[in-house]
Amino acid sequence: MDITLPILILAIPISMFLILGIGGVKMSRKMAGVLGILGMGTTMALAYTVAFTYFFSGDSAFIVDGIRQQLQVFDVTWLAFTEKLVVSIGFLLDPISAMMLVVITTISFMVHLYSWGYMEHEPGFQRYYAFLSLFSFSMLGLVVATNIFQMYIFWELVGVSSYLLIGFFYKLPSAVSASKKAFIVTRFADLGFLIGILVLSFYTNTFNFAALTSDPASALASTGGATFMGASVLTWALVLIYVGGMGKSAMMPLHIWLPDAMEGPTPVSALIHAATMVVAGVYLVARMFPLYLVEESALTFITCVGAITAFYAAVVACCQIDIKRILAFSTISQIAFMMVALGVARPELHDAMGYMSSMFHLFTHAMFKALLFLGAGALIHAVHSNNYTEMGGLRKYMPITHWTFLIGCLAIAGIWPFAGFFSKDEMLAAMFANNWIWGAWMTMVAGLTAFYMFRMYFMVFWWEENPHYKEHKPHDAPWQMSLPLIVLATVSCVAGFIPFGELVTWNGAPYHIHIDPVVATTSLVVAVCAIGLAAWLYMKKNSKPAAMKNAMPTLWKAANRRFYWDEIYMFITHKIIFNIICKSIAWFDRHIIDATMDGFAKVTQRTSVAIKGMQSGSIQAYVLWYFFGAVLLALVTWICLL
Amino acid sequence: MFGNILIWFVIIPIIMMAGLGICRNSSMNAIRTVMTVCSTALLGLAVWLCVWFLDLRAAGDTAEMLFTGSWMWYEPLNIQLAIGVDGISVLMIMLSAIIVFAGVFASWKINPLPKNFFLWFALLSTGVFGFFISIDIFTMFMFYEVALIPMYLLIGVWGTGKKEYSAMKLTLMLMGGSAFLMLGLLGIYWHSGPEGQLTWNILEIAHNGHIDPSWQRLLFCLTFVGFGVLGAMFPFHTWSPDGHASAPTAVSMLHAGVLMKLGGYGCFRIAIYLLPQAANELAWIFIILTGISVVYGAFSACVQTDLKYINAYSSVSHCGMVLFAILMLTQTAMTGAILQMLSHGLMTALFFALIGMIYGRTHTRDIRQMGGLMKIMPYLGVCYMIAGFASLGLPGLSGFVAEMTIFVGSFEHTDMFHRSFVIAGTCSIVITAVYILRVVGKLLLGPVQDEHHLQLTDATWFERFSTVTLIVAIAGIGCFPNWINETIQHSFVPIINTLTQAAI
Chain A
57 MDITLPILIL AIPISMFLIL GIGGVKMSRK MAGVLGILGM GTTMALAYTV
107 AFTYFFSGDS AFIVDGIRQQ LQVFDVTWLA FTEKLVVSIG FLLDPISAMM
157 LVVITTISFM VHLYSWGYME HEPGFQRYYA FLSLFSFSML GLVVATNIFQ
207 MYIFWELVGV SSYLLIGFFY KLPSAVSASK KAFIVTRFAD LGFLIGILVL
257 SFYTNTFNFA ALTSDPASAL ASTGGATFMG ASVLTWALVL IYVGGMGKSA
307 MMPLHIWLPD AMEGPTPVSA LIHAATMVVA GVYLVARMFP LYLVEESALT
357 FITCVGAITA FYAAVVACCQ IDIKRILAFS TISQIAFMMV ALGVARPELH
407 DAMGYMSSMF HLFTHAMFKA LLFLGAGALI HAVHSNNYTE MGGLRKYMPI
457 THWTFLIGCL AIAGIWPFAG FFSKDEMLAA MFANNWIWGA WMTMVAGLTA
507 FYMFRMYFMV FWWEENPHYK EHKPHDAPWQ MSLPLIVLAT VSCVAGFIPF
557 GELVTWNGAP YHIHIDPVVA TTSLVVAVCA IGLAAWLYMK KNSKPAAMKN
607 AMPTLWKAAN RRFYWDEIYM FITHKIIFNI ICKSIAWFDR HIIDATMDGF
657 AKVTQRTSVA IKGMQSGSIQ AYVLWYFFGA VLLALVTWIC LL
Chain B
937 MFGNILIWFV IIPIIMMAGL GICRNSSMNA IRTVMTVCST ALLGLAVWLC
987 VWFLDLRAAG DTAEMLFTGS WMWYEPLNIQ LAIGVDGISV LMIMLSAIIV
1037 FAGVFASWKI NPLPKNFFLW FALLSTGVFG FFISIDIFTM FMFYEVALIP
1087 MYLLIGVWGT GKKEYSAMKL TLMLMGGSAF LMLGLLGIYW HSGPEGQLTW
1137 NILEIAHNGH IDPSWQRLLF CLTFVGFGVL GAMFPFHTWS PDGHASAPTA
1187 VSMLHAGVLM KLGGYGCFRI AIYLLPQAAN ELAWIFIILT GISVVYGAFS
1237 ACVQTDLKYI NAYSSVSHCG MVLFAILMLT QTAMTGAILQ MLSHGLMTAL
1287 FFALIGMIYG RTHTRDIRQM GGLMKIMPYL GVCYMIAGFA SLGLPGLSGF
1337 VAEMTIFVGS FEHTDMFHRS FVIAGTCSIV ITAVYILRVV GKLLLGPVQD
1387 EHHLQLTDAT WFERFSTVTL IVAIAGIGCF PNWINETIQH SFVPIINTLT
1437 QAAI
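First to last, the protein sequences are chains A and B. Note that the first sequence covers residues 57 to 698 in this note's numbering. Note that the second sequence covers residues 937 to 1440 in this note's numbering.
Source of the hints: derived by calculation from the structure; they are not laboratory data. Here a beta-carbon is modelled for each residue, glycine too, at the ideal position from N, C-alpha and C.
Within a straight-line C-alpha distance of at most 25 Å, the following computed BS3-like cross-link-like pairs (lysine-lysine) qualify:
no.	chain 1	residue 1	chain 2	residue 2
1	A	Lys-82	B	Lys-1311
2	A	Lys-597	A	Lys-452
3	A	Lys-452	A	Lys-529
4	A	Lys-597	A	Lys-529
5	A	Lys-227	A	Lys-86
6	A	Lys-227	A	Lys-82
7	B	Lys-1099	B	Lys-1051
8	A	Lys-631	B	Lys-1378
9	A	Lys-613	A	Lys-600
10	A	Lys-227	B	Lys-1378
11	B	Lys-1098	A	Lys-658
12	B	Lys-1098	A	Lys-639
13	B	Lys-1045	B	Lys-1098
14	B	Lys-1099	B	Lys-1045
15	A	Lys-596	A	Lys-452
16	B	Lys-1378	B	Lys-1311
17	A	Lys-526	A	Lys-597
18	A	Lys-227	B	Lys-1311
19	A	Lys-658	B	Lys-1099
20	A	Lys-452	A	Lys-526
21	A	Lys-639	B	Lys-1378
22	A	Lys-596	A	Lys-529
23	A	Lys-668	A	Lys-658
24	B	Lys-1098	B	Lys-1051
25	A	Lys-526	A	Lys-596
26	A	Lys-613	A	Lys-597
27	A	Lys-86	B	Lys-1311
Pair ranges (Cβ atoms, derived):
no.	chain 1	residue 1	chain 2	residue 2	range
28	A	Cys-585	B	Thr-1350	56 to 62 Å
29	A	Arg-646	B	Leu-1122	33 to 39 Å
30	A	Lys-658	B	Ile-951	39 to 45 Å
31	B	Ser-1150	A	Arg-662	35 to 41 Å
32	A	Thr-60	B	Leu-1392	44 to 50 Å
Given the sequences, and given the hints that come with them, work out the whole structure.
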């Protein structure tokens, strides 16, 4: 493949960042917005070209005997640590990276467009577009990484772009602390990632994905059976690398940053914290999947973490008031769904259908979750509040937002024929194939998902009209904001019919999706029941929800406070690490180490004060000392001679 | 003698001093002209040296040191003015030239006594450049002292806060280190070869390999501690917070940026290279000490409230990383150490420059009394953030490259001891993020704390000039790190060879 397009896909966003970042101050808002949107639009067109060429051209470079190939379009040495451990910057094209190119550029373009309306009156508009471009660049670099170190580099860059964008309203203390929290929690996870890379590369002597995944058996052999605390070093490396993924993908117990990250502008939440960056962890595991297959215990770990997180986040989402937080928890839950699907995938079980369905869900989820977030943005734009208690009955005032939001909710709940149905059904089928426990557990989570999404939907659009509407009538958003909603809603309606199994599978061979009627019926029935329950409880104003809340006050409060994870973290970081460890070290430094050094100076000074009296200037005293000295010397000589 | 390019690195600062001598005390413009011309000349010369050096290497010149020359200085003791550079010294010279250049612009409005300030500043530069070009340990030591002494006056006269105390403390502690160092160097000299062929020349000593292993242990400890004091090694680092806090901007820049590198460079060039057996045997002691420095410095920085203290402790952590990496004795880790020296030099200089500029406006360095400065002085705010990101290791800036090289190189050791310390070292990247973001959050973001700050102005042209120079260098290393690798890889060959031979 020609390298011009791939290079441009990376070069355009970074140049936009530099242009808008350095020259933005002198630019008008309109100019900056148009530049940003044009830049991203071009990138999207290029990425589509690349992806469509890859999938559909049938060129022998991309597909041989029906197997889709992985190819490095270019790979340039960036830094050579040793002769073998070389970090290069390259462009890897394979089914998942091509799919991600489409996802990232689509959502990013939609968000660029949407922001033009949403951020119109905010100061720092130019800076905002610069950061969006930086993020798009980093995310694109991450998905096309040819080696794990390149991925780590861009992994850090997306982390910092996320920091900058969460803290975009930097005058608000809450935004500042949310951005700090997001960065530090993910940094902590990245520490695991880094150590994992160190271990893995030490034994396998390569960073390159192709080398690692094409021959996982030799990777296993290269460790020479080394173990650490009972587990093989390869398991350790893979689990540690996954810890990095847990941080970015907000798996428990490293999920605490994502709900707070909602302090950022809503379009940013849609782009980074719903559709693209947070699925980086899933992508990482998928990228190294063949390697994970040789260490099944690592996959089991992933499955367990995912299953627990999915349930936890779904329960918490049922008891939130802030619509963005509900969506944030729903994101955590859905990503955990993908993780479980990856964790249960095995080549012998329907050709690793879990892998395919996880990627499928990643794709569909990106579309409908971005839609939901952008819809939430439109609501917030209209009502000026994040809480559904300030909303209610909005379906009459904001028809476009209402219908698109409904489509998003149906898609995430997994109702036929919306996109979520197909991907979720495949995931559940894969889980049942592995072990019915995973399947049953996750079907329950799917039911919860339908329940809390429709709880929010009914509370926002039905329930009771807020009396404030009379003075301040809410209305649909301007076209820049509505257009992305309509586009994404359309995609959410049709994306399920994409023959995804033909395009993206773990080994490149096509897989023919067929709906498992039992699984599909069960999940549909569960989802419809959950929606019915939500409708019964929340469609019209009534006292049932309040009664339910009062029946179990402790549980409700605990779930509302997210089961006190933030408090636990605050206790550990602030009370223990900051107040006890850091402060005592600082005290020790000043009062013990430094005082010792000062002590030397003081002792010297005191000694000199003490002995300076001997320089009295009196001849008689000197004669006396002379006499004593002479006697002493004589004595010593005499003793020695004896 | 004057045909050798290296000697000009010492001559130009001397010319600088002579030029300043002619200027009248009151004519600021003349002083500035002399300083600008000479520091630009130094920077140009450093770039030229770098290009020339790379050309020679590309042409296949594999000699250990290039541009060598030696002139007898004191015959009875065989002291020579011996000079020569390898890739590492070239980069160090480059670093010093950049920081001297930026330092001149950062102290554009120094007050009072500008002439005297720059005189001492120039003397300090002479010492620094002299140190990096020497390959005779006596001359090297002499330049080392020349670089240290002006610090006393620069802090004592132009400093802030409890400057007399700090100046005295810094000088005494560093002199204490020099005392160890001098003993060590004398020991090396007396065992450098067979009787009658004693030498101070590094290359000859290394080539002779005559120093007895039992002596090596003692001498290794003496020299490593001696240089380690300047490299802010735990527990000899306490001069750094007080010293930096009291020093004027340009002096902090030069001190943290270049002078602390003298310590790392010395450990590397003398302690490790000349005493390889002891280095193999005793590295573990200093790995423990420097490992403590790395984590301890970072933790201490988390609770400081004075901007300069925060950076002083962060320097303890980062410079600890330099010595830590050197002691790993693998080529990759040592490459990382050199990268970390460059990176730390540039970003700390940037930090101190910015702190000086902020202090010059707000007249406080206490982060509790400032806030929301990003709104008031966006240029300085953005620069501060870039420096912060470099410090916490953001890819694309220099810190990332250095740290990663160190970690990958250090991980080549398979034993539990080294591994545990490397993992402890990697933890510092999280703690660094904590204290950097804490400062950024309090100082730059959030609401404006003090109404009076609203009238403050953003950076002037010379301040912009100074910071841009440093940022370009930081980003340059961060984006294109491999040329540095290529510049220095030859320089490790003799050192690694000696170390492996000694290990057998």
